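Q: Letter by letter, the chains look like this.
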Amino acid sequence: MSSSSFTSSTAVAGDDISKERRLASLVIQRSRGWGALGLRDLWEFRELAYFLVVRELQGVYRQTALGMSWLFIRPLVNMVLLTVVFGGLVKVPSDNVPYPLFSLAALIPWGYFSTAVMRSSRSLVDNAQVISKVYFPRLILPLAAAISGLVDLAASLIIFMVAFVIYRLPFRWEMLLLPVLVFLVLAFALAAGLWLAALSAKYRDVSFALNFLLTALMYASPVIYSASLVPSSLQFVYQLNPMTGIIQGFRWALLGSGDAPNIMFLVSVVIILLALVSGAFIFRRTERSIVDIL
Amino acid sequence: MSHSVIQVEKLGKRYRIGKRLDNTPPRNRVLQAIGNQFSYLVKSLSEPAPDELIWALKDISFSVDQSEVIGIIGRNGAGKSTLLKILSRITEPTDGRVILHGRVGSLLEVGTGFHPELTGRENVYLSGAIMGMKRAEIRRKFDEIVAFSEVEKFIDTPVKRYSSGMYVRLAFGVAAHLEPEILLVDEVLAVGDAAFQRKCLGKMGDVAKQGRTVLFVSHNLVAVQSLCNRAIWIDSGQLKDAGSTADVIAQYLRTSYSSVQQQKWDDISAAPGNGKVRLRLVNIYPEDEAKAGIIDMETPIAVETQFWNLAPNARLGVTLHLYTEQQVVAFTTASSADEKWGGQELPVGLYRSVCHIPGNLLNSGNYRVTFLIVQNSDTVIYRHDDIVSFEVQDLKPRMGQWFGKEPGVVQPLLNWTTDFLGAGASL
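Those sequence lines, one after another, are chains P and B.
Take the first sequence: its letters are residues 1 to 294, numbered as in the numbering used here.
Take the second sequence: its letters are residues 1001 to 1427, numbered as in the numbering used here.
You can trust all of the hints, since none of them are fake.
Okay, derived cross-link-like pairs now, DSBU-like style, lysine-lysine, Cα gap no bigger than 35 angstroms in a straight line:
1) P:202 to B:1058
2) B:1010 to P:202
3) B:1264 to B:1291
In short, the hints are calculated from the structure, not lab data.
Just so it is clear, the structure is predicted and the values come from calculations on it, not from any experiment.
Please build the complete structure, drawing on both the sequences and the hints.
A: Shown next as structure tokens:
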């Protein structure tokens, strides 16, 4: 019994489908227990993910005077603010790296993370209209939301490159590890997004809590300060936050500041993977009754 | 050679509805809301009470063969849309199961997934992908979709600038080119102008002719009658009847009457009237045994009236005024046309006057009858408004692709002659 509902049909209008085509069969019934993730179904709909990402990107910046340049303005303004307040006034030590670069290296993953979590946690509620009218694997929605955030990440990376050239820093081979780090932050953002999207379908409280949760997590991660400021007695707990490892990884790969990834980094990776898999299953479980509770 | 493509077995769907609040005064309700801050949390964690649960569908079983066109009829809230939602995998059933063979496409509501800021072109791709089409498939049919929707000029304009008609046409265009093996359609007739509706139904007919299976939910009985070979009637979540379209529709109409076709008073002292006349009966019925109580446009109708004449030798007659739903008088008619008693002086006693309305006269729709007793052909001595009402059904299968109501109070079957006057167009 195949669980895939859509044959790869390429019927030309008017051909007689009754004869040759072997029709895929599908059983619709109440699912019990935890069930499967339905990754095959997801793959069938990969083009939808692409169109949803395009919709997110095109829709957001239509009819704005500055258009896509908003992608650059946001990280740039954030960097300037952090540099003026924390680099200039508070004089936070930045591991002997110019503060603009120090903060920008952290803003690349953090800016992405906060946007992606926001978008993917809202994805179910925002698309309630579509969900209640047509079937497609619901996992596509938070996935597309998390992926679309990568454009913001790319924009802040470009700003970093410009700053990098301005400050005449040497090229580092460790920069080539960037894709791994990007994958990790994507995975963690998606994990958080899946958990929150599933929860927010039932409890709209999530949208109230999310803003200050993200702010709290930002202070619990080395975005505006260096991880070396945290007392060593707290380091273990501090490193359990996957964003700590990820931000440190970005600073290390891009600027060579701070420690290279160590055993605690691997613990972060395990935590991220656990959160992602559990999030996917929780999401799938919520998905079944989603139309009835949204 | 035909095999079932949809098999529904003991399908049930249960919903949880909110508890009905007591009719406490508003002031207390505010206090209640403050007192029960966490009521939603408590409710969502506790098992639902039995009175909070309703079965939107219960114990539904049927099967559909390949290339059948099945109509699903029933009142609002009967569970038709829930059934389509389960078949299209939008929601899961609580009980039972469905076995489907083939790709399912649904037209539950057109325009799903349209983004107002995106252009028509971009939305065609997006909406097609949401419905499960491949990009190559959409590209191949793109021109056809645009031509079908008649929005060529505006295809690169954001859809928020579209008129509602253009929007709906484009959305339906995408959905109509889905080419699934099983097509679920929910009330598409409600959208667009007459010409476009015709086009949509034509498209549906084509789909059926290509050997695909169509499930069609509609309130338009003419469309169901003309398009579907079989029909299913669902009433309050249960399967009431399934079978040939004509039978199921007849069965459905018989029990769904809201009109009052008969009024009867056996006790003369309680009957409406006055010192001169008292009413005993007004009854409307089809004068065709085979119709089994259903009045359609072809049926001859009888309006039977019975009254007591209390004044000796009064010159009385019955007059009927037939009103349409729009308060237009379709016609008036009087019993003075009767050869035997018309214009005669009536002795005291009980009289019956029957008016015969021929078939193929009235258009479909609701009619109300006003009853009058007229003395000496000029004085109304008794009047009773809206004494009975009835509905004329349009159940004639049509050849074309237009299933809406034809205009006009009457729809008589008239004689036409056409003659050939010679070849050549130059005169």
